Amino acid sequence: MKHMQIYTKVAFLVLTLSCTLLWACGEKKEMGPKEQQAIQIIKAYAPGEGLFSVISNIEKQADENGRKGDKWELGSWEAGLPSQKDRIIEELSQYFNVFRPSGDYWVRFTYKDKEGMHEALWAVNIYTKKVERKNDVAQKFSAQS
Numbered sequence: 000m001k002h003m004q005i006y007t008k009v010a011f012l013v014l015t016l017s018c019t020l021l022w023a024c025g026e027k028k029e030m031g032p033k034e035q036q037a038i039q040i041i042k043a044y045a046p047g048e049g050l051f052s053v054i055s056n057i058e059k060q061a062d063e064n065g066r067k068g069d070k071w072e073l074g075s076w077e078a079g080l081p082s083q084k085d086r087i088i089e090e091l092s093q094y095f096n097v098f099r100p101s102g103d104y105w106v107r108f109t110y111k112d113k114e115g116m117h118e119a120l121w122a123v124n125i126y127t128k129k130v131e132r133k134n135d136v137a138q139k140f141s142a143q144s
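Numbering of the sequence shown is given in numbering that gives the first Met the number 0, commencing with residue 0 and proceeding in unit increments.
I should point out that these hints are in silico values taken from the structure, not numbers from a laboratory. These numbers were taken from a predicted model, which means no experiment stands behind them. Treat the hints with caution; some may be incorrect.
As the list claims (entries may be wrong) - If you anchor each label on the Cβ, the simulated ranges turn out as follows:
(1) V97 with E58: 40 to 50 Å
(2) V97 with R66: 53 to 63 Å
(3) K59 with R99: 36 to 46 Å
(4) D62 with N96: 45 to 55 Å
(5) Y94 with K59: 42 to 52 Å
(6) N134 with V97: 29 to 39 Å
(7) K70 with L91: 44 to 54 Å
(8) T109 with Q4: 53 to 63 Å
C-beta: ideal position from N, C-alpha, C; glycine also.
Generate coordinates for the entire structure from the input sequences, incorporating the hints supplied.
Here it is, written out as structure tokens:
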């Protein structure tokens, strides 16, 4: 009988800690400083010497299309971690130094023109500053001169 009470208490403690961990590692509603950093890296990204940054290319293209009668509605910039596992490791790394987050984030920019909604998607590592273009829209904004 006494062992049953101890096992019940241990099971309750494990359940409580598990629920707390899941809650803490759940998807965030607002972007934190690392997500903001990922967005800033993409906005400033220029793939080579003499090429403009992504944000300059977006503004330039929006202005050119606006003069042609195709006004853009610029959407939001968003960033996040690629998987639930990455979210858990990122959260745990704040409390335990044995966890090393990878630093990989996705960054998305949306806009709307006369053809509809468009989405540019990049992958970025905030520690190495490595940027990867994930679709044609991101490629277009990352490679203009």
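Hint check results:
1. The hint said 40 to 50 Å for the Cβ distance between V97 and E58, and at roughly 44 Å that hint holds.
2. For the hinted restraint 53 to 63 Å between V97 and R66, the CB-CB distance of approximately 56 Å keeps it satisfied.
3. Remark: the range hint 36 to 46 Å for K59 to R99 is upheld by a beta-carbon distance near 39 Å.
4. Hint check: D62 to N96, Cβ distance near 47 Å, so the stated range 45 to 55 Å holds.
5. Judged by the Cβ atoms, the range 42 to 52 Å given for Y94 and K59 holds: they are separated by roughly 44 Å.
6. N134 and V97 have their C-beta atoms about 36 Å apart, which keeps the hinted 29 to 39 Å range intact.
7. Under the hint 44 to 54 Å, the C-beta atoms of K70 and L91, about 46 Å apart, fit the expected range.
8. Taken as a hint, the range 53 to 63 Å holds for the pair T109 and Q4, whose Cβ atoms sit roughly 56 Å apart.
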